[in-house]
Amino acid sequence: MDKRKWITGAARKELAEVMKREYEEGRSIRAIAEAHGRSYGFVHRVLGEAGVPLRSRGGDVRVPADRSAR
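Each residue of the sequence shown is one higher than the one before, starting from 1 at the first, in the UniProt record's numbering.
Honestly, I wouldn't trust all of these hints.
[To be verified] Cβ-Cβ distance ranges computed for the label pairs, FRET-style:
id : residue 1 : residue 2 : range
1  : SER56     : ALA10     : 30 to 36 angstroms
2  : LYS13     : GLY58     : 28 to 34 angstroms
3  : ALA10     : ARG57     : 29 to 35 angstroms
These are calculated hints, taken from the structure and not from any lab test.
The beta carbon of each residue, even a glycine, is placed where N, CA and C say it ideally should be.
Generate coordinates for the entire structure from the input sequences, incorporating the hints supplied.
Following this line, the structure appears as structure tokens:
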């Protein structure tokens, strides 16, 4: 997909559904952007337009089981 090309109408809705599914499966906005050749801001905006509730920042902050608590 050409990063400089505007995506509108049905094509944008179709792409939004694909990105929404990927995000709901646990992929990050950054990973989705990289996979589709788009910017972080574009993906963030499209997810917002699709009504997707965004996760909070920070990712998984749990301590792995093989590390002891300090």
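Against the structure, the hints come out as follows:
For SER56 and ALA10, the hinted distance range of 30 to 36 angstroms is satisfied, since their beta carbons lie about 32 angstroms from each other. Range check, LYS13 to GLY58: Cβ separation about 30 angstroms, and the 28 to 34 angstroms hint holds. Hint check: ALA10 to ARG57, Cβ distance near 32 angstroms, so the stated range 29 to 35 angstroms holds.
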